[in-house]
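S.K.: Position 276, counted from 1, in the sequence shown is what the working numbering calls 315; the numbers after and before it change by one each time, with no gaps.
If you are wondering where the hints come from, they were derived from the structure by calculation, not from laboratory data. The beta-carbon is built from N, C-alpha and C at its ideal position, and this holds for glycine as well. Treat the hints with caution; some may be incorrect.
Stated by the list, open to error - Restraint ranges, calculated between C-beta atoms of paired labels, are given here:
#1 Thr270 to Glu232: 21 to 31 Å
#2 Phe285 to Met226: 38 to 48 Å
#3 Glu304 to Gly339: 47 to 57 Å
Said to hold, decoys possible - Straight-line Cα separation of at most 25 Å, PhoX-like style, residue types lysine-lysine; simulated pairs:
#4 Lys214 to Lys332
#5 Lys152 to Lys142
#6 Lys207 to Lys225
#7 Lys233 to Lys206
#8 Lys225 to Lys214
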Amino acid sequence: VGSEMCIRDSLSVLDKSSPKEKEWASYLTDSLKAAGHEYQSILQSMTVPPLKKKKKKSKWKDPAKIHFINLDTVELARQMSILDSRLMQKLSPPELVHENWEKGKGPNALALKEKNLLVSAWVATEIVSTPNEKHRIVVLRNFILLCFKLLELQNFNGFLNVFIGIKKEQVTSQKKTWNGLSTEIKMMWSIFEKGMTVEKFPEFFENTIAAKTPKVLPSFLCMRYLALQETIESDFYNDEPGLINFSKLRGLSHIIGAILESQQEPYNFYEDTVIQEYLLNHLHTLPEDQLNKLAAENEGEEGQVKKNSKQKKSSTTSKKEPSVVNQNTTLDSSKYLFISRIN
40 VGSEMCIRDS
50 LSVLDKSSPK
60 EKEWASYLTD
70 SLKAAGHEYQ
80 SILQSMTVPP
90 LKKKKKKSKW
100 KDPAKIHFIN
110 LDTVELARQM
120 SILDSRLMQK
130 LSPPELVHEN
140 WEKGKGPNAL
150 ALKEKNLLVS
160 AWVATEIVST
170 PNEKHRIVVL
180 RNFILLCFKL
190 LELQNFNGFL
200 NVFIGIKKEQ
210 VTSQKKTWNG
220 LSTEIKMMWS
230 IFEKGMTVEK
240 FPEFFENTIA
250 AKTPKVLPSF
260 LCMRYLALQE
270 TIESDFYNDE
280 PGLINFSKLR
290 GLSHIIGAIL
300 ESQQEPYNFY
310 EDTVIQEYLL
320 NHLHTLPEDQ
330 LNKLAAENEG
340 EEGQVKKNSK
350 QKKSSTTSKK
360 EPSVVNQNTT
370 LDSSKYLFIS
380 RIN
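Whole structure, please, built from the sequences with the hints as guidance.
M.R.: Structure (structure tokens):
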């Protein structure tokens, strides 16, 4: 569909072409339409029957009273994956060509972009706004574990959002908090950082495309590379009308085709509607200036830290801190999928 739209735009400027060129262009368009119908039939044959929603009674009653520090990272990763997959399934090819999401013509792509920004801001807020240093270490550790679980589930979109949140300057500046992490967790984070540099993004992205379903592709990178294709390459070879740039069309269809394929198989997890409601409507975020202020206070004088630690304990910190061992986080390089290969 994306290729067909690009061809249609290209044909609109072929008025001055020769009759033979117009005949060839018409034949090409018809061939693309036929190929598109065949591709759609293949996709439909791949489509699994709609899954019945599996719901279980949640241990949580009120989503507004959920605190991240008390959530099980495995269950949270599952519910995030269900919601991310649902958002990705709404994307359609017309939204993804010509940077339509930047022109107000891609509501689903825009909603996904806003959700990505929200999750990253939430991650930074949860870490930096935790006043007690010991609890802040647990929150940071649990977000790193959440990265690991999302990667295991091949929710690459969720993984990248949480990773970007942890990489925010307000979080990386928390030296005392980072120093309090165990060697195992530090090693896990080091593997993520080495595999997620800007230079390695293309390899990371291609590995996500090659991964088997169910999966959620990183929408941020999908849109970034679609935009690059549109910006760097012209619709025509050497900008000569009549010489269609098939290299650009192949690049666009490679990404859009991968998105369509990933939409065919959703996750088959039990749905915890209370946790999902928390993720949809109760993520706490703070503006950048407040995060900067809190980050500075956390790294301030020892007296300030002691003062914060004496604050009244809330339900956020009332439960016993979860154990790393209990969350099955023993390092195994094979479980890091493409991250371990990139390194």
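S.K.: So, for every hint listed, does it hold in this structure?
M.R.: Hint-by-hint comparison with the structure:
1. Thr270 to Glu232: 21 to 31 Å: The hint (21 to 31 Å, Cβ to Cβ) holds, given that Thr270 and Glu232 are roughly 28 Å apart.
2. Phe285 to Met226: 38 to 48 Å: Holds, at about 45 Å.
3. Glu304 to Gly339: 47 to 57 Å: holds (49 Å)
4. Lys214 to Lys332: Status holds; Cα separation ~15 Å.
5. Lys152 to Lys142: OK: Lys152 and Lys142 at ~14 Å, within 25 Å.
6. Lys207 to Lys225: holds (17 Å)
7. Lys233 to Lys206: Measuring from Cα to Cα gives roughly 13 Å; hence the hint holds.
8. Lys225 to Lys214: Status holds; Cα separation ~13 Å.
Checked against the numbered hints above, the structure violates none of them.
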